[in-house]
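The sequence shown: position 395 = 395 (the numbering used here), numbered continuously.
Please keep in mind that the hints were generated in silico from the structure rather than gathered at the bench. Check the hints yourself; a few may be wrong.
[To be verified] Cβ-Cβ distance ranges computed for the label pairs, FRET-style:
#: 1; residue 1: Glu296; residue 2: Gln57; range: 37 to 47 Å
#: 2; residue 1: Pro176; residue 2: Lys471; range: 28 to 38 Å
#: 3; residue 1: Asp122; residue 2: Gly22; range: 13 to 23 Å
#: 4; residue 1: Glu442; residue 2: Thr179; range: 33 to 43 Å
#: 5; residue 1: Gln422; residue 2: Glu442; range: 43 to 53 Å
#: 6; residue 1: Gly22; residue 2: Ala108; range: 24 to 34 Å
#: 7; residue 1: Thr415; residue 2: Cys47; range: 49 to 59 Å
#: 8; residue 1: Gly204; residue 2: Glu468; range: 27 to 37 Å
#: 9; residue 1: Ser330; residue 2: Asn166; range: 54 to 64 Å
Glycine included, C-beta positions come from ideal geometry on N, C-alpha and C.
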Amino acid sequence: RELARPRFTEYHIFFSGILSTGLLRLLAENDTQEKVRQVQEFYGDFCPINEDLLTLQCRHTLAMTVAAGTSWARNHVHLYERNLRGLQSMLLALKRQPSAIRFARQSASAMQLAKDVQDLIDSDQIFHFRKSGMLLLILDRRDDPVTPLLSQWTYQAMVHELLGLNNHRVILKGAPNVTKELEEVVLNAQQDEFFRKNRHKNFGELGESIQHMLQEYQRQTQQHNTSNLNTIEDMQNFMEKFPELRSRSHNVSKHVAIMGELARLVDICSLMDVSQFEQELACADDHTSHVRELMEKLQSPLVKIPDKLRLGLLYALRYENSGNLNRVQSAMGKGGVPPDMVELMSSMLRYAGSKVRGPGLYGESNLVSKMTKNFMTSVQGVSNVYSQHVPLLMDTVQSVLKGKLKTESHPFLRTPQADIPQEIMVFMVGGVTYEEATKVSEFNEANQGAVRIILGGSTVHNSTSFLEELKAI
Numbered sequence: 001r002e003l004a005r006p007r008f009t010e011y012h013i014f015f016s017g018i019l020s021t022g023l024l025r026l027l028a029e030n031d032t033q034e035k036v037r038q039v040q041e042f043y044g045d046f047c048p049i050n051e052d053l054l055t056l057q058c059r060h061t062l063a064m065t066v067a068a069g070t071s072w073a074r075n076h077v078h079l080y081e082r083n084l085r086g087l088q089s090m091l092l093a094l095k096r097q098p099s100a101i102r103f104a105r106q107s108a109s110a111m112q113l114a115k116d117v118q119d120l121i122d123s124d125q126i127f128h129f130r131k132s133g134m135l136l137l138i139l140d141r142r143d144d145p146v147t148p149l150l151s152q153w154t155y156q157a158m159v160h161e162l163l164g165l166n167n168h169r170v171i172l173k174g175a176p177n178v179t180k181e182l183e184e185v186v187l188n189a190q191q192d193e194f195f196r197k198n199r200h201k202n203f204g205e206l207g208e209s210i211q212h213m214l215q216e217y218q219r220q221t222q223q224h225n226t227s228n229l230n231t232i233e234d235m236q237n238f239m240e241k242f243p244e245l246r247s248r249s250h251n252v253s254k255h256v257a258i259m260g261e262l263a264r265l266v267d268i269c270s271l272m273d274v275s276q277f278e279q280e281l282a283c284a285d286d287h288t289s290h291v292r293e294l295m296e297k298l299q300s301p302l303v304k305i306p307d308k309l310r311l312g313l314l315y316a317l318r319y320e321n322s323g324n325l326n327r328v329q330s331a332m333g334k335g336g337v338p339p340d341m342v343e344l345m346s347s348m349l350r351y352a353g354s355k356v357r358g359p360g361l362y363g364e365s366n367l368v369s370k371m372t373k374n375f376m377t378s379v380q381g382v383s384n385v386y387s388q389h390v391p392l393l394m395d396t397v398q399s400v401l402k403g404k405l406k407t408e409s410h411p412f413l414r415t416p417q418a419d420i421p422q423e424i425m426v427f428m429v430g431g432v433t434y435e436e437a438t439k440v441s442e443f444n445e446a447n448q449g450a451v452r453i454i455l456g457g458s459t460v461h462n463s464t465s466f467l468e469e470l471k472a473i
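Construct all of the structure, not just a fragment, from the sequences and the given hints.
Laid out in structure tokens, this is it:
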């Protein structure tokens, strides 16, 4: 309609994904007055969060993955197409043609996505890039429902879990002692050097870094104290430095405000105590001890309702066949958890119970490896009780690199890749987490020049968004 009655003298049209031949023909047919000067494809139909983390910002995909393999509703078809086109755009932006594609066998959506991506590569000459030794590994969130339920203790992940980090923005409005200019702030690693250097540090290290930043800022402001402006040259130097000092002042205030609010929430929610128990539920088998402590937490007025829910779900996932779930649900209700939230335990097991998720979440696919890991942990101790958990994603990647990832659980779409991949792009249908992103970043830092992982997903979850989507299943 716009081209039929043009309001401008010329049009420059840019698409963030592949423009189909049919749509290009439609544009040409409607450009009767020849106002279109150029049509370009810029492959950016996704949001880069970190150097190795990409997201489609596509919510409500958990229900889509559950419905996969059946007759999809219209909204599920739309969500699937969004994931397919977004993954295609990621590959084109990176200029990568995978040498091989693997997928989680238990997931109908991962299998379909793998097939459709390969069909797009085969049918479109735009994927003319030389095969680069990249493995495209398509996983499903339902194979690891534990990671999105855990409290987080690294800066970027912690901000998203407790405050929300969306489009690089954090809302502090309503937090105590926050000035109006800090009610909404930006955390972007490309613009904020402090955030770039500290986004993967734990809470304790972050406190030390902020203290050092404050001390450095005080030192610089003292050097440029207005009482020292005795000459024209002093004044000129001060004015040259003033914009930098003002920007630094805002940055210092921003991180101090965020740190202060995180510390307040950790305190009022008793998160250090809650998180330690979460880690035990995620990492160890000890039913007698766990059920006793769970009952204590569910009865405690110090533990908040959302945290009681998360603990109940973590227990249900590990001890699904214990016969205790009705008792736990009853205790959750008595502890103040609303009935609709208690019912999420049943939704969780329908979504990601042991009968429907893939293997390996609790090491059940390799008993010897699991026993060895538990033994080494008990002998060596754990340096940080809040970071014992390792996402299933990293175990899967390590198995790929050792040539031990079983084709029974993660088959190749076509001919198996003979060599160890030089690069792995992991795409997780249903969404990723910042904990997984942190582990990927640490892996890349430790393996520079050897192998690189790029992590992509439908969205980036915290426990709140994950549970909201679970309600729709």
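(Q) Name the hints, by number, that the structure is in violation of. (A) 5, 7, 9
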